[in-house]
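Position chain E relative to chain X; hints supplied.
Protein chains: 2
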Amino acid sequence: MAWTITETSQIDAKASDRLGNKFLTGNGYMGYRGTLEEYTKEQRTATIVSGLYDKAGDLWREPVNMPNGGYIQVVYQGKPLHAQTSPLERHSQSLDIRHAVHERSTTFLAEDGNAITVTSKRFTSAAAQHLFCMQFTIEASRECDLVVHLGIDGDVWDLNGPHLAGFKTSVEAPVISLTARTQEKGVLVAVCECAAWAGGETAYIQSEKNIFRELKLAVTPAHPQTITKYVSLYTGIDAPDPLPAARDLCRAAAQTGFEQLLEKHCACWEQRWQGCDIQIGGDEDAQLALRFSMYHLLSIAPAHSDRVSIPARGLSGQVYKGGIFWDTEIFMLPFFSHEFPEIARNLLMYRFHTLDGARRKAREYGFRGAYYAWESQDTGDDACTLFNVVDVFTHRPMRTYFRDKQVHISADIVYAFWSYYAITGDDTIFLDGGAEVIYECARFLLSDLYYSREHDRYEILDVTGPDEYHERVHNNAYTNWMVAHTFDVCLRLSEYLQGRYPTRAGALIEKLDFQQDLRAIQEIAGHLYQPAPDPLTTVIPQFDGYFKLEDVSLKELLQRRLDPYEYLGGGSGLATTTQIIKQADVILALYLFNQKYAREVVAANWEYYEPRTEQGSSLSACSYAMIAAQIGKIDWAYKFFMATATIDLTGDSKQFVGTLYIGGTHPAANGGAWMAAVFGMCGLSWSDHILTIEPHLPAHWTEVTVPIRLQGQCLRITVSHDKVTVQAAGALPSEFLVRVNHQIHPIPPGGTLAVSLVKQEH
Amino acid sequence: MAWTITETSQIDAKASDRLGNKFLTGNGYMGYRGTLEEYTKEQRTATIVSGLYDKAGDLWREPVNMPNGGYIQVVYQGKPLHAQTSPLERHSQSLDIRHAVHERSTTFLAEDGNAITVTSKRFTSAAAQHLFCMQFTIEASRECDLVVHLGIDGDVWDLNGPHLAGFKTSVEAPVISLTARTQEKGVLVAVCECAAWAGGETAYIQSEKNIFRELKLAVTPAHPQTITKYVSLYTGIDAPDPLPAARDLCRAAAQTGFEQLLEKHCACWEQRWQGCDIQIGGDEDAQLALRFSMYHLLSIAPAHSDRVSIPARGLSGQVYKGGIFWDTEIFMLPFFSHEFPEIARNLLMYRFHTLDGARRKAREYGFRGAYYAWESQDTGDDACTLFNVVDVFTHRPMRTYFRDKQVHISADIVYAFWSYYAITGDDTIFLDGGAEVIYECARFLLSDLYYSREHDRYEILDVTGPDEYHERVHNNAYTNWMVAHTFDVCLRLSEYLQGRYPTRAGALIEKLDFQQDLRAIQEIAGHLYQPAPDPLTTVIPQFDGYFKLEDVSLKELLQRRLDPYEYLGGGSGLATTTQIIKQADVILALYLFNQKYAREVVAANWEYYEPRTEQGSSLSACSYAMIAAQIGKIDWAYKFFMATATIDLTGDSKQFVGTLYIGGTHPAANGGAWMAAVFGMCGLSWSDHILTIEPHLPAHWTEVTVPIRLQGQCLRITVSHDKVTVQAAGALPSEFLVRVNHQIHPIPPGGTLAVSLVKQEH
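Chains as they are written, first to last, in numbering that gives the first Met the number 0: chain X, 0 to 761; chain E, 0 to 761.
Pulled out of the complex, with its shape left as it was, chain X reads as follows (with noise of 0.2 angstroms):
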């Protein structure tokens, strides 16, 4: 069965750089990059906490780099045994992503001939989120002695640090600790270690940064050394006294001891399998793949809270500031949504909490409502710069209008909620926050609009659509349509709102004085200009006057590049007096808004924006993906599907943009590949309590299952080349209906519902 990935390939930096991402092992709370145990900042290790911010000096404020409580250093002979730089015998690494448990086994050849193994199993614990715990073994061909170093490394590595200082060390043996305060507020750190082993002499090397125990073992043939190590870490964000939060619960986890804690930890796992594994036959690659992916959204889901969300690259780093993008509410959620409601729940939670950041910068730009940060952080401000690319001819930060154009992002947020509900059946949220959310992000739209006299019509000026090459363009379809149904939503869930809790609907548009704009968007809502197919095409202009910019090639514009890295956007780049385009915009929409256009329409835009797309960004191939499927295009389906659900298997990902390096985990991508699966191939929608199934299943794909939660119902659907069935946990509300072949179908209670796919002769 396709659940282990394993690498044995010789390890220089730029693998390193790729298997620490692709080995990343979280829960949630903290995500622990896949490098090996003897790695220091060098090799960029990173314990990132999810939630916890800092900003040194005048740089760019991201994610702080917690200590290392995972550090174990081998000496032999006085030579540090180092899978970069001494010479092996033998290397592997390995990642069981079913019980998200890694594992690396290197044979090191010493000048002297002996050959030591190190072998280590470690996990970041499913069950307990400030638990992390490893086994360490160290076997040795012929006897001899060896000093092992290991504790807590507080040098780190940062792109934009150092984030920690302050640093104290204490041992309370069997815990070492190390406490540091964050530059910004002060908020304290602490991370414990407790290590268990055979015995011997042990010593403690405290320096400014670091507290590493000295340990000199015997090893011989026949009696190798275990070393079990128990890592915890909390912050002052987490208790209020972190230091003696984290030392109780090393204590409590040596004490409990390794195996029983991975048992729960490996049960943890097993349970969210459960739940959401799409099985897919004939094909182990693309089986693996969609797995891998998988794996990454639950190690980075916060399940745990709903105060924070999953960052663009995840907790692999500190790339993009750390910054939660509409990656999370347009790439992400769908799977949540369908396999992990409470979790998709938190994920939108965290938008109201951020809700008063998204009503600053509207007030900074001189809107009202709420306009959401592009990068988001702790307090919904925003992190992103005005200068957010560095031009590789200049080396000058270059003027990007991410921050201030992207306004999508709060119609992107508006389309998440109202998914999530129309999903979910969970009508709760809005009264616990969405309804304000949904309000004020209309509000703002509302206050950005313009109406042109002279075509009767309102408009979106100046704005920055999905495709960043062209920046403030006007009326772009993706934000337009989107604006559109933010304004839709705003008045269905407020005629819903009064219909069923007309006390606190009433109450709420009272708090937020909103009468007046729900008017005004009832007015307005159906004279949004909505850029439709051009007549002759049934192409959908990505904004005005995009037909007349340079129709060049993909292939030409790149060789026109004087630099491999230089952007293709912002002011002066290549691309933006082109139609070459970063990323899917038509497109995406086009699978938004799936029963806008007929098919035609449909395959029309996609074979004209197809060759037109760098597919530069990691959140484009996913709709490229679901679109080709839908027009029936199964291979491009396929080859897109893979795209994205192999971006951090492969790790062939762009890692700079300009000078800027943007390497690290793509759980949009992630999401995008179960969204291909689910929506592409399986074919799956959902829509007026209707589940349409229409199964385009690439040839070698013999069948597919899926769990999927719907309106709180479990449901198993498996699809093959000539048939779809249906089998449903428990009892569904009558108006539950599915829709295959364009008939609709029931589903008895409890029961299955199967369906063939062969045509029936008449």
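Note that these hints are calculated values from the structure, not bench results. One or more hints might be untrue.
Because identical chains cannot be distinguished in the list, a pair is counted as satisfied if it fits within a single copy or across any two copies.
Taking lysine to aspartate or glutamate pairs in the EDC-like style, the calculated list, with each CA pair at most 16 angstroms apart, reads [what the hints assert, rightly or not]:
| no. | residue 1 | residue 2 |
| --- | --- | --- |
| 1 | 638 | 282 |
| 2 | 547 | 363 |
| 3 | 404 | 461 |
| 4 | 404 | 687 |
Being a predicted model, the structure only gives us computed values, none of them experimental.
Same frame as chain X, but now just chain E:
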């Protein structure tokens, strides 16, 4: 008296470029660069004919440089005598700006010790536009034989050429001729030359693009040789058959003779100066600089035609594609309206004749009405390219928004028509096309408005104002004020015409189907947002968000440059994200609307914007001069006056933008010099039939005398530190009043008004 400009310095390539501009002679039909007779395309000789443009292949469309009929090369002992490369004993080049006569005198020191002096005297006839005449004398310190080549050199300097093909030469003694056709439209051009000399051997040398005579002349110290040349030019635009026309003119000129032609030419210039010469007492430098500025304007003004206008670089070459910019209407027209109204009328009528081009441009961008070309040529279609500057770092054409976004051009033209009318009282211009231009410009600007419900006002979005370093801004104060003025003019004009010429007024409105737009303008005019002084600082924001830009000093900004020629605007220019502006923008608006705000507000704006202005355009200094004078900063006014008045005298202007050559003459700055002297120092302004005179003379100026024409009247105004005198040539209408020292006075009919400026004790 300050009437002659002389240069005696050694000539290198850079100097010859500068002197080519400085010593230009012209007559409105043609401009002949102030190069020397032996110069060829390497030294940028040029004969630019007004209104003749050509496009070679995919290159920029630009003026045609005509074959050079002024060519003379003296060869001594097999070596051509060339001022740049031969040893010189003496050299001087001078221009009598009173009569527009260019002279040169160069003594070449031959290897054998013989000193050969060539002198020439030449003029571009003001009396016969197609004629250029020259007297060329050769002296020698020792008896010798010389060879002289003279004739027509068709191998010309081009920026985006070659523009001429199919050269044909002919000899029809005593006339030689060269004809060719332009590449794009096949316009035939003909240059003829007739030479007279003492006689002797002669031969003709003809090659592909040249026809020369070869003379062998004997010169003794006592007997110099003089060659008289008559050169005539015609194009297919001027004459159905250019060659015979040119040949006839050439022959006739030779019969008339040099002296008589010169006399007529000088008489024309004497008459011109009589009408417009300003006398500045106490400042020879200022006197010369101002006259020099007026000389250049008079040399290139199309007195002969209302189908052409004045390009931004006059007739000095092909820079800026020979395009007519807003320079003409805003910076040159005041001079002509007040001194030569018939030329002002020609300049304005050019806009009527190119109205269809402006209509095409409006349609191209989805507007209605007339959107005038940013760079207008013969058809009114826009010669401005979308990529108008080349990036110094990548050598790529840079997307600029001159063409798309400087909508103020149409408002500038309306402003000019209305000012012309206000100054001259000539309302026939409206019936002859001006009303159509004004209505169509108003219609265009109407179709570009957006209504903000949020602010209950109409706004003008996504424009570039005069300060081109900040492209695509919203609500540029200059633009919004000018558009409001356009609407005001449109409404006042339609009312005026309805009252005065009801039938023709009605017919025009009907022809243009303008009734509905006129009503819309009536409705909207009062609701157009007019950026106003900040309540705290009284500084007017140049555009929305201007004050939020980085407030860096100009010095620091310039220090950030990595290349001295890097363009500060465009997509990634250093100035774009700062408050540093290229040129007067708000300050220009404050001059154009000089009664809009109190002096304190005007002063606050000058103080704010002056240090933030690069003065990177030759259009800028005059506004800063005029406003400085108005607010009593006389030293600054003088500094800026001298900057604008000496630009072509010193030649110290920008020669490159990015990698683009922009050298040439600066007629807008020349016009600005006149404005700075008359409107600034002398403090003249004309409004509502009151001539206000508020002198702000520099301390060392004893007296300034300005002849101007107002409402068909000739006035002679003398301003000193203690007195203002206004002398009228004829009877003035009774409503014509003069305001001095806040007191209003009538002018005695045919008499003189004298008002003391010395404050009287009461």
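message: Please list, smallest to largest, the hint numbers that this structure does not respect.
response: Hint 4 is the one this structure does not satisfy, whereas the remaining hints hold.
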